[in-house]
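Residue numbers (the numbering used here), protein chains in the order written: chain A, 1 to 261; chain B, 1 to 212.
Be a bit skeptical, because a hint or two may be false.
Claimed, not checked - Capping the alpha-carbon separation at 25 Å, the derived lysine-lysine pairs in PhoX-like fashion look like this:
(1) B:K108 with A:K181
(2) B:K3 with B:K178
(3) B:K125 with A:K181
(4) B:K71 with B:K108
(5) A:K258 with B:K125
Hints in this document: simulated from the structure, not taken from any laboratory.
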Amino acid sequence: MQTRDNFNITHSIFLLLGGIALLFIFAPLAGMFVSVNAPHLFEAATDKVVGSSIVRTLLISAAATIISALFAIPLAYILARKKFPFKGVVEAIVDLPIVIPHSAAGIAILGLISRDSALGAAASAVGLNLVGSPFAIGLAMSFVSIPFLINSARDGFAAVPVRLEQAAETLGASKFQTFTKISLPLAGRSVVSGLLLMFARGMSEFGAIVIVAYHPMTTPVLIFDRFNSFGLAYARPVAVIFVAVTLILFIGLRIYQKRKW
Amino acid sequence: MVKLNNILYKADDFTLGPVSLELETGGYFAVFGPSGSGKSMLLEIIAGLRTPAAGEIIIDNSDYTLVPARKRPVGMLFQDYALFPNMSVFENIAFPLRISGENEEVIKRDVGLLAEQFSIQTLLKRRINALSGGEKQRVALARALAHQPSVLLLDEPLSALDEELRDDAVKTLGILKKDGQTVIHVTHNRNEVSDLATRCFRMSAGKLAPID
Numbered sequence: 001m002q003t004r005d006n007f008n009i010t011h012s013i014f015l016l017l018g019g020i021a022l023l024f025i026f027a028p029l030a031g032m033f034v035s036v037n038a039p040h041l042f043e044a045a046t047d048k049v050v051g052s053s054i055v056r057t058l059l060i061s062a063a064a065t066i067i068s069a070l071f072a073i074p075l076a077y078i079l080a081r082k083k084f085p086f087k088g089v090v091e092a093i094v095d096l097p098i099v100i101p102h103s104a105a106g107i108a109i110l111g112l113i114s115r116d117s118a119l120g121a122a123a124s125a126v127g128l129n130l131v132g133s134p135f136a137i138g139l140a141m142s143f144v145s146i147p148f149l150i151n152s153a154r155d156g157f158a159a160v161p162v163r164l165e166q167a168a169e170t171l172g173a174s175k176f177q178t179f180t181k182i183s184l185p186l187a188g189r190s191v192v193s194g195l196l197l198m199f200a201r202g203m204s205e206f207g208a209i210v211i212v213a214y215h216p217m218t219t220p221v222l223i224f225d226r227f228n229s230f231g232l233a234y235a236r237p238v239a240v241i242f243v244a245v246t247l248i249l250f251i252g253l254r255i256y257q258k259r260k261w
Numbered sequence: 001m002v003k004l005n006n007i008l009y010k011a012d013d014f015t016l017g018p019v020s021l022e023l024e025t026g027g028y029f030a031v032f033g034p035s036g037s038g039k040s041m042l043l044e045i046i047a048g049l050r051t052p053a054a055g056e057i058i059i060d061n062s063d064y065t066l067v068p069a070r071k072r073p074v075g076m077l078f079q080d081y082a083l084f085p086n087m088s089v090f091e092n093i094a095f096p097l098r099i100s101g102e103n104e105e106v107i108k109r110d111v112g113l114l115a116e117q118f119s120i121q122t123l124l125k126r127r128i129n130a131l132s133g134g135e136k137q138r139v140a141l142a143r144a145l146a147h148q149p150s151v152l153l154l155d156e157p158l159s160a161l162d163e164e165l166r167d168d169a170v171k172t173l174g175i176l177k178k179d180g181q182t183v184i185h186v187t188h189n190r191n192e193v194s195d196l197a198t199r200c201f202r203m204s205a206g207k208l209a210p211i212d
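Same shape as in the complex, but just chain B (with noise of 0.2 Å):
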C-alpha cells in the first residue's frame, strides 16, 4: 500500500500539492498529464530523490518521508532508462542485489529468472550500447525488480520507443500487472495504459486529481 498524505514540493518556481493518494496493493496506477505538470516530480519524491517540504509518504504501514532513496522499498525505471553504460547487460541487472550484498549463486539465480520473464536471456552479455530501445526497457525492468521493490515507479517508460516497438513494450508491462506488482506510471499519453490502469489519475500544474 502506498500513502501520500498531504505531499508538498516546492521547486523554483513551481509548487506540486498539497497531494494525497492511497494506492491499493497489486494496482496498476496510471497518471496522465502534460510536460511541466510535475508527473515526474511526483515519482522523484516518492523514490526519496527529492524531499518534499510537508506532508508523509507511506509504504506498507511504515513512514518514508524522510529515508534516504537508497532505503526505501521502491523501484523506478527512468524515462532514459538510466543503464550503466560501463556494465554488461548481466552487471546491471545484479547491481542491487551485489549492492545488498547477496552471493554469486542468488545473484545468477536472480538474474537469470528475471531475464527468463523479461525474454532477455540471450542478451546478459551485452554492452548496454548494443541494445535497443525496446531491449533497454526490458534491461531497465528487470534491473528495477531485482531488490523486489514493493513498488514500482514508471516515467514515461514508451516514450523513447518508436511506435512499432510500443506495443510490444506494452505486453511487457502487463507482466508486471499479472504479477501483482503495484505500479505507478507516469505518461502524457492516456491511450498508452488504458489497457492496463486499474486507476488513473490527472496531474496538472502541480495538482492531482482522480480520473473516474
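The following block holds chain A by itself, in its conformation from the complex (with noise of 0.2 Å):
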C-alpha cells in the first residue's frame, strides 16, 4: 500500500536530483554572466564585429530553418501516415547529424560543396565559391539541425488522428487540402517546436561551421576566434552577449507559441 509518506520521500529524492540537473545546466552560464569584467562587456557590445556577426548568425539560421522546412515537413507527414520497406533505415538516417561528430559532418559538407564536386563546379563556373561563404553556414546549418525539425513534426503529425483526414475526404477535401487545413493546423504546436528547435540548433553550431566557413564569421566561431587569439576575458564577452540575445530571443519565440498554439 502506498502511503503519504513513501508518496513525499520519492518526490524530495525526484526534486533534489532534479535539482542538480537543473544546477549543471544553470550554473556555468550564471557564473559565465557574473565573472565578466564591465568594461570588456561594454567593449564587446559596441563591438561591429561583434553585432554583425550575431545578425548574420540569426538570420542565415532563420533562412536555413525556413528553406529546411518545405522539404523537411512533408518528409515527417510521411513518416507519420505511410508504411513503406526499409522505413527504418531511413529513420535512421534523419537521426545521422545528430550522432555523427559535427566536425566530421563539415567535411562530408566539404566534399560537396568544393570545387572538385558538382555543386561546386557549377557554381565555379558561375564566378562563385561555395566555400566560406553564408551559403555553406546554412548548409551546415541545416545539415545538424534537421532531424529536430522532421522528428518534432513527424510527432505532431502522428499524434493526429486519421480519422479526421479521413472525415475531410468525405466532405470533400483533396489530400493537399486535408494537408493544409486539418493536418498541419493540429500538429501546429509541434512544427512550431521543430523549427524553434532547428533555429537555436542551427544558430548555436560550431563544428561544422568552422570547417566549411571560418569566415564570414558566425558568433559561435567568433567567440571560438576571440578565445584563441586573446583568451578567456576577451571570448567571455562575446558569449554573454550572444547567450543574452538567444536567451531573450527564444523567451519570446516560446510566449508567443503559447498564445498562437
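Hints are included, so try docking the two chains, each in its own frame, into the full complex.
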C-alpha cells in the first residue's frame, strides 16, 4: 500500500536529483554572466564585428530553417502516415546528423561544395565560391539541425487522428486540402516547436561551420576565435552577449508560440 | 439508389463479402451486427475510404467503385464524430461548402438552415471541445449533410452517448427519415433504431443477410 510518507520521500528525492540537473545547466551560464568584466562587456557590445556576427548568425539560421522546412515537413508527414519498406533505415538516416561528430559533418559538407564536386564546380563556373560563403554556413546549420524539425513534426502529425483526415476527405477535401486545413494546423504546435529547435540548434552550431566557413564569422566561431587569439577575458563578453540575445529571442518566441497554439 | 454488386474486401485476416444489396432512395436502412463483424468496414467501402478487391458500388446509377472519397455523393457520421477541434462549430459545418468553393453568402445561409434543422443555432461560435456528446452528434450530422449527399452513412451514431441523451439523439435521426434522406445506419444494438429502420440487415463475420 502506498502511504503519504512514501509519496513524499520519492518526490523529495526526485526534486533533489532534478535540482542538481537544473543546477548543472544553470550554474556555468550564471557563472559566465557574473564573472564577465564590465569594461570588456561594454567594449564587445559596441564592437561592430560582434554585432554583425550575431545578425549574420540569426539571419542565416532563420533562412536555413525556413528553406529546410519546405522539405522536412513533407518528409515528416510521410514518416508519420505511411508504411513502406526500409522505413527504419530512412528514420536512422534522419537521425544521423545527431550522432555523427559535427566536425565530420563539416568535412562531408565541404566535400559537397568544394570545387572538386559537381555543385562546387557548377557554382565556380558562374564565378561563385561556395566554400566560406553564407550558403556554406546555412548548409552546415541545416545539416546538423534538420533532424530536430523532422522528428518533432513527425510526432505532431502522428498524433493527429487519421479519422479527422478521413472525415475531411468524405467532406470533399483533396489530400492537399486535408493536409493544409486539418493535419498541419492540428500538428502546428509540434511543427513550430521543431522549427524553433532547428533554428536554435542551427545558430549554436560551431563544429561543422568552422570547417566550411571560418569567414564570414558566425558568433560561435567568433567566440572561438577571440578565445584562441586573446584568451578567456575577451571571449567571455561575446559569449555573454550571444547567450543573452538568444535567451531573449527564445523566451519571446516561446511566449508567442504558447499564445498562438 | 445505392447498389452494391458482389463487393469483396480482404484485410489481413478478415474477408468482407461478397456483399450485394440494393437500397431504394429515401429509405432508412439499419445494419446490425457484433463488433468486428465488418459493419464499419462496409460503410468505409461505400464512402471510398477503402477500395474493394472486387465488385461495384453504384450510387444514383453511376459507378463510384474507384472514385476517391472526396468525389462521392456520400456523407459520413463517424462513431467518434471526427469533428475538427481546430475549428468552431460554424467552421466545421461550413467546411464542405468552403472546400467546394461556395461564396460566403451561400455558406452563411446553408449553415444557418442546418443549424436551425438540428437546433444548434446557439452553438455556432463554440469550440468543439466545449460541446456535450449530444451536441457533437448534431453538429456532426449537420456537417455531414452540408454538401447534400445522396446517401448518409451513420457509424454507431449513438454509441458515444449516455443513456439519457439517446432518446433525443434518436429523435434527431428521425429528422433525417422525415426529410427523405437515404440513410445507412450501422449499430451493434438492434433496439436503437427499431422505430426508424425501413429495412434491416444483419452482418456476421463479413457476410450480410436481410432480416424480415
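ask   = Going through the earlier hints one by one, which of them does the structure break, listed in rising order?
value = Per hint list: zero violations.
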